[in-house]
Structure formats: structure tokens, C-alpha cells
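Letter by letter, the chains look like this.
Number of protein chains: 2
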Amino acid sequence: MVLYLHDIPLEKAQSAFYSELENHHLAARLGVEEVPLDEHALGRVLAEPIWAKISSPHYHASAMDGFAVRSGETIGALPGKPITLTLTDQAVYVDTGDPLPDWADAVVPIELVEPVGGNDPRHPDAIRLRASLTPWSHIRPLGEDIVATQLVLAAGHVLRPVDLGALASSGSQTLLVARKPRVAILPTGTELVPMGTVLRKGDIVESNSIVLAGQILDWGAEPHRLEITPDDFNLLCNRIQQAADTHDLVLVNAGSSAGSEDFTARIVEKTGKLLVHGVAVRPGHPVILGMIRRSDQNSWVPVVGVPGYPVSAALTGEIFVKPLIAIWLGKTPDQPEEITAHLTRKITSPPGDDDFVRVVVGRVGERMLAAPLNRGAGTITSLVRADGITMIPRGVQGYDAGQPVQVRLYRSQDQIRRTIFAIGSHDMTLDLLASALESRGRRLVSANVGSQGGLVAIRRGETHMAGCHLLDPDSGVYNLAAVKEYLPEMDVKIVRWVQRQQGLIVARGNPKDIHGLEDLEKPGVSFVNRQRGAGTRVLLDFQLKQLGIDAASILGYEREEFTHLAVAAAIASGRADCGMGIAAAAEALDLDFIPLYHEDYDLVMPREFFDSGFLDPIFDLMADVNFRQSIAVMAGYDVSLMGTVIL
Amino acid sequence: MVLYLHDIPLEKAQSAFYSELENHHLAARLGVEEVPLDEHALGRVLAEPIWAKISSPHYHASAMDGFAVRSGETIGALPGKPITLTLTDQAVYVDTGDPLPDWADAVVPIELVEPVGGNDPRHPDAIRLRASLTPWSHIRPLGEDIVATQLVLAAGHVLRPVDLGALASSGSQTLLVARKPRVAILPTGTELVPMGTVLRKGDIVESNSIVLAGQILDWGAEPHRLEITPDDFNLLCNRIQQAADTHDLVLVNAGSSAGSEDFTARIVEKTGKLLVHGVAVRPGHPVILGMIRRSDQNSWVPVVGVPGYPVSAALTGEIFVKPLIAIWLGKTPDQPEEITAHLTRKITSPPGDDDFVRVVVGRVGERMLAAPLNRGAGTITSLVRADGITMIPRGVQGYDAGQPVQVRLYRSQDQIRRTIFAIGSHDMTLDLLASALESRGRRLVSANVGSQGGLVAIRRGETHMAGCHLLDPDSGVYNLAAVKEYLPEMDVKIVRWVQRQQGLIVARGNPKDIHGLEDLEKPGVSFVNRQRGAGTRVLLDFQLKQLGIDAASILGYEREEFTHLAVAAAIASGRADCGMGIAAAAEALDLDFIPLYHEDYDLVMPREFFDSGFLDPIFDLMADVNFRQSIAVMAGYDVSLMGTVIL
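Chains as they are written, first to last, in the numbering used here: chain U, 16 to 662; chain S, 16 to 662.
Just chain U, same shape as in the assembly (with noise of 0.2 Å):
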């Protein structure tokens, strides 16, 4: 069955997968290897039950420093009647562990015992004993802890730390676990490079290899990235075909979608069985999976054609490899913990697709909270910040925010535990926080979404703090009318984090010699904004008002970007003159700053967070004369206020 160049359910394009695989007996464990029983079996997937092969203890052990002896011997022992044992035809004296003499069924610790004669009190000449043993006590007997042909561990279980010291004390010496899987990994594309290349435009750096060998290392099995293949459509037959002789899985990456230089369908077609391009997911829809036939023309090998987008390419991973590498290692794969939040904006999502949406988690009071990250497929930092996954299921046109969703974590609930959310405007030094707050035991996760989308998100509960500095025309004061006006039932804190100078960014140079806001109706200059409820956009509007500049005379006004660093980089690359935005960054960026204003950048708090602790840490950080420093030395801050309690 053939089925390809649209996209299919991924349900139907697993089965055709696997319904193949099994036809070649590739739907099981792909063989066994006997290791050494050290600490490099950690992580190995063990191939057969291990049974006992010896007994644990192996022998009758005494449990404790005394001295053997016959129990019948005691028999009639009284505090006031006792009863001596000579050393060392009645007793012996054993440690902990030694065996038990073949005579002697029972130990009498050592302080119970009055020793009579010699100067050893472990070798006198005979003991006193005032009460009478059982037999059997203080001994642990052969097997007490494992007897000889017992199940030590099942096949397909994981070997961790503990596990290898039970086998060695059941008596195995080597094992046997199953092979690691060879995943071959071949980058395709003419506009890859090498890391570390000099760049121009168009080039490509090659990094989703180094994701597919890292979760394949994870996952158990043994990668091996190839080297970068031009859109060559022989030598591309020639390096697949190669990889496919000397691997159990090929993955090709990417080359994978239907456009001029996309090669890989028409290559397994031609070297083996093409069963599916084309699966309904998103991202990462220009799946291909396939079978490639070996030169011995005996044997066959699977084949992944991996999208290039990397978000794409990491979830084809998951979906596709990640259960493969299971079956072969024969392993029930470990499901990622699942927890139910609340989604923070609402989402859409295509209908006819499977869509998996990367989200940031967070527990923020009593509420676990997944907000949605950017969902371009090319977007690699939603890849580094997800704290899980949530699938909208095909024939679901998305969800609303607030919907409770079924979120697969990536990481423990621990770190989520641990982690502060910072939703609202963007300053370049929360980054700075960020770094400094991972060695203290708390994570920062900051979403950009301007000063007044952080106090909406406060009002609904859905942030620890916001960056917040928006200007009241009437008193020149920053953010206490705001957090009056727009938080007036609510309890809430603010405290002072940097005072920065607003200004605008412009080229190197300052080709266009623009000095104010008056130069921006300037003929020929272009503008790019910052988004609606931005504090630096309600700066622009106060001022442009003050000055009685009509925005509509502005080119670009309407051009939004999200951060400041957005900004400066769309002046770098010349797609605008000029934009408002923080000296830092135009610094960061090497442009040149002209500033206009000084700003109060605070961070509000509301007052359960402000008071549990959980962002002492913060605290400790601004009180910290290093860390005040690391963002003084920063074009345009002053950190003279940093931690006053403005309200």
C-alpha cells in the first residue's frame, strides 16, 4: 500500500509503518549483545530474565558481633540461673557477616554476654549467658534476602544503579541486554553548512542532526550524523543507500516536501518501498516513511524522511523514532508525565490535523497555567522554552483560552514547581535575572506581552509578576495609576527594579540624522513600532501628542514588534530608519542611540506572591551588589532604586 502526497491520518500512516516492518520481522527486538556487569550497563535494556544464580546470603551469616552457639545448649538460661558456654568447642566469636559454624544454630550478641577469663572480651575462655535463644535468632539464613533461582529482574527492564548491585550479588557477572539500535542521520540540502561557517545569506547552519543524535542517544540507540549532502539527486541515492547497508534506521533530513529539490520520496521509491508521504500533523506534515532495500538485496531498512523546519524535525523524532527505538530495544517506552492546565490565550488550529502545540507551564497560586509558545515551525526558542506538548486533535478547530488541556511534560513537575512566570513587558535585563535565578533554584519564564498585558494578566491570575512601565500623563508618575485603574479590586505590590532611558534606536551613523520624534514625518524615514499596550508605545503616543505629531504622518507606525531587541534588529537589517526603544539594545546591536527619556521600570507583584518566599530569591538578587552591577554596566540603566517597595 502506497500512500503519499497528501497528508494522511497519523494513526494510518503508523500502521502502514509498522504493518511493513512486521512483514520484514523489523517489529521486534533487533538482537542481544552480552556487556560486563559495571556501571556502563546503566541504561541498557536487559534481553532475558535474570534469575538468581546463587543465594543471598549464600550462607547462614551472623547478624551480629556475638559468639555461635547451639541454642539447645541455652536451654534453661534465667537472669538468676545462668548458664556458661566454654570457647571454643560450645562458642565462637563471630562479626557481623562471618558464617555460622556448621555446629552452632543460633548467635548471642555480644552485650548480652558476661565473658569469664582471658583479656579479649571476644576471645575469653567461656561465656555466661542469662536467658535461653531460639534457634535461628540474630542469624540472617541462606536466601533470606534472594534464593537461588528466584526472578532477580524481568526482560525489558531498564538497569539502573541498584539493579546492577543485585545481579552482582545474585551472581551474574555479564549480562545480556539488547543491541542499540545504528540510526544513521543524513542532512540533505545545498543551503546547509557546518557550524562555525562564515555566513551570507542563504546559508543555513546544520543543527537538526545534532537534536535527532541527542534525543536518539536518549532514547537508547546509537547515532550517527553523516556529512552534509547536496540536493544531488544520485549522490543523495548514493549516501542513502550506504547509510541503509550499514544501519538499522535511516533518517533523512530534510528534503522531505514535494518542492523542486525535495529528492527523498522519489529516492525511496526508487531504492526500496515509498509507504507514506505526507501525515496530518502539525508541525511537521512533510513526513516520509519508507523502506530501503540493501545492497545484499536480502534485507530491508526503514527510512524517515524528517522535515527541515526544526520544530518539525524534533517532533518527527518523538513521534516516529522514539516508539521504533522502544520496540527494537524491547522496552515499554516511558510515557511523559501528563498534567491538565489551563490554556492562558486561546489557540486555533486547522481541522484536518493532528496539532501538537508547544506550551510553557507554570503553577501560579492554585491554578496550573500552559501558555501556548510561537508555533512556527521554524522557531526554534519555542523548542528550548516548551515545558510540554498538547495535542488538538483533528476535527478540533482549537480552543478557547481557559480550556483545560492534557499537557505532556518535558520536564519534571519539580522544575515546574520552581518556576516564576514574568508576564509582561520586556526589559533586555530579565534575561540577566534569568540566568542569575537558574543556580538559585527557581526558573524565569518571561512572556512579552507589554506592560498593560501583564497587569491583565495578574488581574486573571495568570502571572507571579509583570514588568510594568507605563506613564500617567496627568502626574508623571510611572504605574500607580495603571495598577489602580486596571487592578482596583486587587492587593497587589510594586516594586522598583531599574530606572532606563528611552530613546530612539537608530543606524550606525545616523545616516538619516534624525535627533526627535519631529524627524520621524521626515520624508523617506521609516519607522517600526513597538504593539498596542506596550509601556514604550504609550511613551510614543503621550509624546507624539505632546508635540502634536499625527501618527498617520508617520511611515511604518503600524509595523509591530514585540521586544526591543526586535526593534534594533529590524534597524540592523535596514528593514526600518528608526524606532523607539531602550539604549541596551541598541547597544547589544551596535546602532546608535539618541536618548530622550528616563523611565521608572517596576515589577508588580501580587500580594500572596510578594509575601510566600517563593520570589525571595528575586529579592536576594537585587539586594546582590554583583548582580547590580552585571546590569549597571548596561547602556541607559540606573539601579540606585533597584528593590524600593513603591507600593
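Derived from the structure by calculation, the hints contain no laboratory data.
A few of these clues could be false.
Note that the list lumps identical chains together, so a pair holds whenever it fits in one copy or between two copies.
[Stated by the list, open to error] Simulated pairs of lysine-lysine, DSSO-like, Cα-Cα distance not exceeding 30 Å:
no., residue 1, residue 2
1, K537, K361
2, K285, K27
3, K508, K361
4, K285, K537
5, K216, K68
6, K288, K337
Go by the hints and put chain S onto chain U.
What follows is chain S alone, placed relative to chain U:
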């Protein structure tokens, strides 16, 4: 401050250790090293924050296959009034990911244009558009994902596969990571022998060093297992000094107690500083914490004296070594998941110690249960079987059955969810079942409490099923009467597992010439019994009564073992001459067997689990010819009725 010879509280021991480490500047990251950015960097800990060196994309990239154009030239295009742009001065074909020409500021997707002239739709003479484009449409602008200078990952971050991709894409090629601490593990003890040695009485297979090495690998450091050193003061001194000279941490296992050959504390005192000798934790209290001066006289190395019992050794690693390695790597130590579970039985605890109790955890119906494991420090199987650990703090004398306790999990919650509890009678075929279930997505945890104990566990809602073989003396029928008696109100099902032979297990060659229960009264014949409530015990007592034999006349009648194998082991080791049990146990230990009775061994299951599908893998196995055969070949088993629903 030297604290030794008697146990001190855990926190006091830790603070003495860490303040001394701080004195020597050893309570922080040890050092850094540069490693290549590839899959082998997985799990390493970043030593510095990583800021993006290049933006991603690092140029304005087309987000679609289509034509790069000037948006200004499309103004006015309407469905009825197309605009025509000529190639290549007004439009140029671009693939997804291609750089935008300098003069262009928008891309129109290929499916939205009408080609004019030419044979290749990608290279027509001109294109016709019927809609205008806004600037920057269908473009991924420079820095859309990552802007150079932005934080990619914080210091202290533990690298995952996706992180490697983001680091490569943002311009890293090598990474500065924390150096792995070098940890020496020195096994000491004249009784220790390496794996594979032919064992004599008193020999102990050295296995702790493998467990410790595995733990240390897992925790991100580099273990070095040194050779076994006998109990020789001077030799040990030299070996410990050598280890200290070449490592960051020395673990001496064992010799940490106060016995005549326990030299570790004295050596630490001689070659450095003894800080702590004895910590009030159970198991594992004879812990030594100290510092050794290196031969260069300038630097110091921490040393931990690890107790010899395997359970104590593993716990000492978790409590003292794991957090130190995390500090040395500069990362937040992973906190294991914690859950609340209800104790299945009462546990008592010495009030002076922090008492760590290993438990098996499972969900039975709606209840999460924790069954305490055998608490002997020497019980290796308790390490392997443990799903988690709970701590009874100092000052508490124990907990009652049903008490909710916090359990730190060693396994994922997914594994816990897949656990089938089988509390009840012991049969050796349950080991085979456990082994076969491992590859079927279930984990069988069995506790041997006897048939009656199993029915009680069902009544209490503490098990998914119970092995049961209780003879009704009136009807001669197994289990039906007992289930009615013990579970009168419950809806349970009874499924036939096996029929098996019960009889007397005797030494090879039957030296005491035993042929039936009558012979148990013979002088010189010693018996080993099963515990009260065991089906085998019920059968024995019934048959003794039938024969008019007085239990008091049987030597060893009061000596109880909990499994068939334990009974067989008692006979194999000469501790008893005979015991009642199943043929397979005699066969396993190469003993003789006198068959006496056939009995029905059934699985009793509450209706809710019988119906739920959770136990389906067991039903699948009961119908599996290979599985049935693997049982039928064992001595004394009949599987012909396996899977028959009795009730």
C-alpha cells in the same frame, strides 16, 4: 568541630560537612572545560550563560515558495484589475528559506500568481497579481526567532537535545561546561571478593562499588572504582591518600562502623580531619564525613565513609553525595517527584533517627498505596523493588496502616500507573508472569502475605488481584467458600490460574526417609512451616487434623517462612529436614519431593479490575500457548484450566 562516635542529627552532620567544604572553597563549582557542541554534550551543565552570537534567521528569509517583489509595485491590484510584474527586474522566484533580494520587501506565494509566458511556472516571463501585498508579508525577518545578544540558555542549565540545536543555530560551536567531578570509590574489607569468584562461606561479592558508580554516573560525575583493599590499616592509609591525591571526592566502603577492623574513621583522623562519625539516619547511621589533606599539603579532599550494607550504602549516596555533586556542577539538584500515598501496614520507627523506609507504590482504584518493603539494611531486593522512599522523622515512633505519607518516587508516575498489585499467596509462576508482563506495558508487584492475607487486601481495596488456594474442608472445593466468607459483600471474580502439586520437600536422596505427614513426628526430623494464613499452612493443618496428628509433636512447626522457595532454601541449607510446599520449589533447588495433594491456585479479582481492561495483558498471557507452555514444563503444574472463570 569534631563530631563522632555517636549519631548526630542529619542537618547537623550536613552543616558540619558543608561549612568545612566552604573553608576550603569546595562548596561551589569545581571548574570548567570546553567541549564540542555535539550530541555528547547532552546532560552537561552550562558553566556560563549563552548569549546568541548570530540572529536566527540571520537574513530576511522567504517564508514561502513564491516570488520576491516590491510591495509598493503591487498597490492597486484587485481581482478584476491585475497588476503584472516582469522577471527578473520586478519579481524573482524564491524557495522557502531563500534570502530576500535587497530591493524586495515582500513575497507573494506561488499559488497566488498567474504565470505569464515561459514553460516553468517558477521562471515565467512575468507574473500577474490580483491582490496587493503589505510590506514584509510572507517574510521571516532577520532575528524573528533569535536576535543576536539575546539569552539562549542560562548558566547551570542541563543540556537537552533541543538545546543543542538552539545553540548551534545561534552561533555556538563549543561550550563551556562544568568539569565532571572525579569520584574515587574504594571498596574495603577482607571478606570482599570480586564478581565471578568461586564463593566460600563468609565471602561477600563486592557489589556496592557498582551501585555507587552507577549513581555517580547518573548524577553527572565521573566514578572510578578502585581495587578491593583488605582490612589492613597501613595499606588502607596509602590507598586512601592515593585516591585523595587524584580525585575530588573519596568514598570508602565500608569500615565506617566502630568494630575492630573498622579503620576508616581512624585513617581520616590521621590523614586529615574527622568531622562526623555517625548520623542519626536509618538505615546507614555509621557514616563518616571528613577531609583528607593531599600529599602536596596544600589542598584538601572530602571523604565519605559509606556503610557496608547495600541499602545503607545506596542511601548514603543519595543523602550525602548527590547534593555535593550538584553543587560542584553548578546545577539545581533534581528533586524527585513526590506523591501522597497511604501505608498498607503499620510501621514502627526508632524515635531517635530519621528513618527512611522504601516502599512499593501502586494505584488500586482511586487510592494511591505505599507498601513498606523489608527494612533490613542488607536486603538488596528491597532496593530493586522500591518505587520510592518515605521518611519518618526523628521524634515519631511510627505510623499506622492507612496513614498518608509523602513518598519520593524512584520511578515515573507512568510506571506506577502501569503497576499491577498482586498481594496474596505466593506461587513461583508469578515470577514468570512478572517477566512476561514487562514487555506488555504492565509491571507486576507481588507481596507474599498468604491466601487469607490476599483476601483481606482485596477487602481493604489494596490489591488488583490475589493469588489464592484455600481448601474448604467440607466441600473439598478451593476458594469459593473462602471468598464468600472473607468478601461477603464484594463483587469479585475468580479465575483459575494453575493446578499444582503440594507435597513434602526433603533433602536430596531423602536421607530421613520421609514419605508422608505421619513421618513428621519421627524423632530427629525437623520441619519448617509456612506462615499462618498461607494456603499451604491451611492445607497442612487440615490434613494433620484428618490424620489425628498433634502439631505440637512436630519439631519446627512454629518456624515460619513466607514463600515456597524460602522453605526449600531452609531445607537445602540443612536448617530443616522437610517442609510442605510445591514441586517446583523442590526442583528449583534440586531437592527431592514427595507429592501428596493436588490443589487449585486461582486469581481472585475485584469485579472493577476484572472489567476495566487494566488486567487484560494477564488474560492475553493466559491464552498464549508459549506462556502456558513455559509454566507447564515446571514440575507439578497443570495449566489445562488456566483462564477459566470459576466465579
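TODO: Enumerate the violated hints, using their earlier numbering and listing them in ascending order.
DONE: Hints 1, 4 contradicted; others consistent.
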